[in-house]
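All letters in the sequence shown, in the order written, are residues 3 to 241 by our numbering.
Errors might be hidden in some of the hints.
What the hints assert, rightly or not - The calculated DSS-like cross-link candidates involving lysine-lysine, where the alpha carbons are at most 30 Å apart (straight line), are: (1) 65 - 138; (2) 204 - 157; (3) 75 - 116; (4) 207 - 138; (5) 75 - 138; (6) 157 - 207; (7) 116 - 138; (8) 75 - 65.
Quick caveat, the hints were computed from the structure, so don't treat them as lab data.
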Amino acid sequence: GGVLTITETEDMDRVLAFDGQELARDYFVHIDQIADVAGTEVAFVSVGPGGNACSPGTLMLWKDADGRLQTQKAGEECDAPTVAVSDYGVFFIRYLLPGESADMMFWSPDEGMKTFAATTYTPEPGTGWETLDLDKIGHPIDLFRNAGIYAAAQKLLGDELSTVVTSLVVSGEPDLSGSLLSARGCVPHACGSADGFIVVDKAAKAIFIAQMGEDGVTRFWPDRARWPDAAAALLPQGF
3 GGVLTITETE
13 DMDRVLAFDG
23 QELARDYFVH
33 IDQIADVAGT
43 EVAFVSVGPG
53 GNACSPGTLM
63 LWKDADGRLQ
73 TQKAGEECDA
83 PTVAVSDYGV
93 FFIRYLLPGE
103 SADMMFWSPD
113 EGMKTFAATT
123 YTPEPGTGWE
133 TLDLDKIGHP
143 IDLFRNAGIY
153 AAAQKLLGDE
163 LSTVVTSLVV
173 SGEPDLSGSL
183 LSARGCVPHA
193 CGSADGFIVV
203 DKAAKAIFIA
213 QMGEDGVTRF
223 WPDRARWPDA
233 AAALLPQGF
């Protein structure tokens, strides 16, 4: 019953409008889909600042029974859930890092947004050090899908697990040398201030993690004195 438009401004912002009425403005705006949700036509639009490892949030648009345009934002930029549309509603599923838990939300045109379930990160069942194939690790976050590494990380980092793992999110492919895998990463939009580094020693069934501090002091798990020479030799300059 109207026209959605995206117009780029001189400042490189993009403006989402419905029949000329501005609804959202940001660096990245993209109309993902228009779907039938429980008999109501709903548009799903990604809106966010863009950037490395920073997913946009979702803006939903629909008309109520009286023909008035309604909007609902789902998720904040850089922490936005994935949208899963069903015939009777919409599920919003968060991507969880190791150590994280989050509510799964559910939305329908009649009932609005509600909590549907609680979700918690978990490694792949049936995995362990004996199933770990370092050749197949394309990103350091993939390591924690292994139950052996995840248990070692929980023991080593405790409540700081998710915070420290975030420092590995922006990363390239790990380096592999024999039974030692190492990788450096950084926090999205904060590279150089809280970078992380991990070494996995498959032969010793051990992991070693370091993270730069904003005060210039690097923290080590376990203590730096307990790192074997082979793992310590892999530390990048600056750590």
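Each hint, compared with the structure:
1. Using a Cα cut-off of 30 Å, the hinted pair residue 65 and residue 138 is violated, with the two alpha carbons roughly 48 Å apart.
2. Under the criterion of a C-alpha separation no larger than 30 Å, the hint pairing residue 204 with residue 157 is consistent with the structure, at around 17 Å.
3. Our distance criterion of 30 Å between C-alpha atoms is met by residue 75 and residue 116, whose separation comes to about 13 Å.
4. Between residue 207 and residue 138, the direct Cα distance comes to roughly 17 Å. Compliance with the 30 Å bound is thereby established for this hinted pair.
5. Taken as a hint, the residue 75 and residue 138 pair is broken in the structure, with Cα atoms around 37 Å apart against an allowance of 30 Å.
6. A distance of roughly 13 Å separates the Cα atoms of residue 157 and residue 207; the hinted pair therefore holds under the 30 Å criterion.
7. Under the criterion of a C-alpha separation no larger than 30 Å, the hint pairing residue 116 with residue 138 is inconsistent with the structure, at around 39 Å.
8. Only pairs whose Cα atoms come within 30 Å are accepted, and residue 75 paired with residue 65 is accepted, the gap being roughly 15 Å.
Violated hints for the displayed structure, listed by number in ascending order: 1, 5 and 7.
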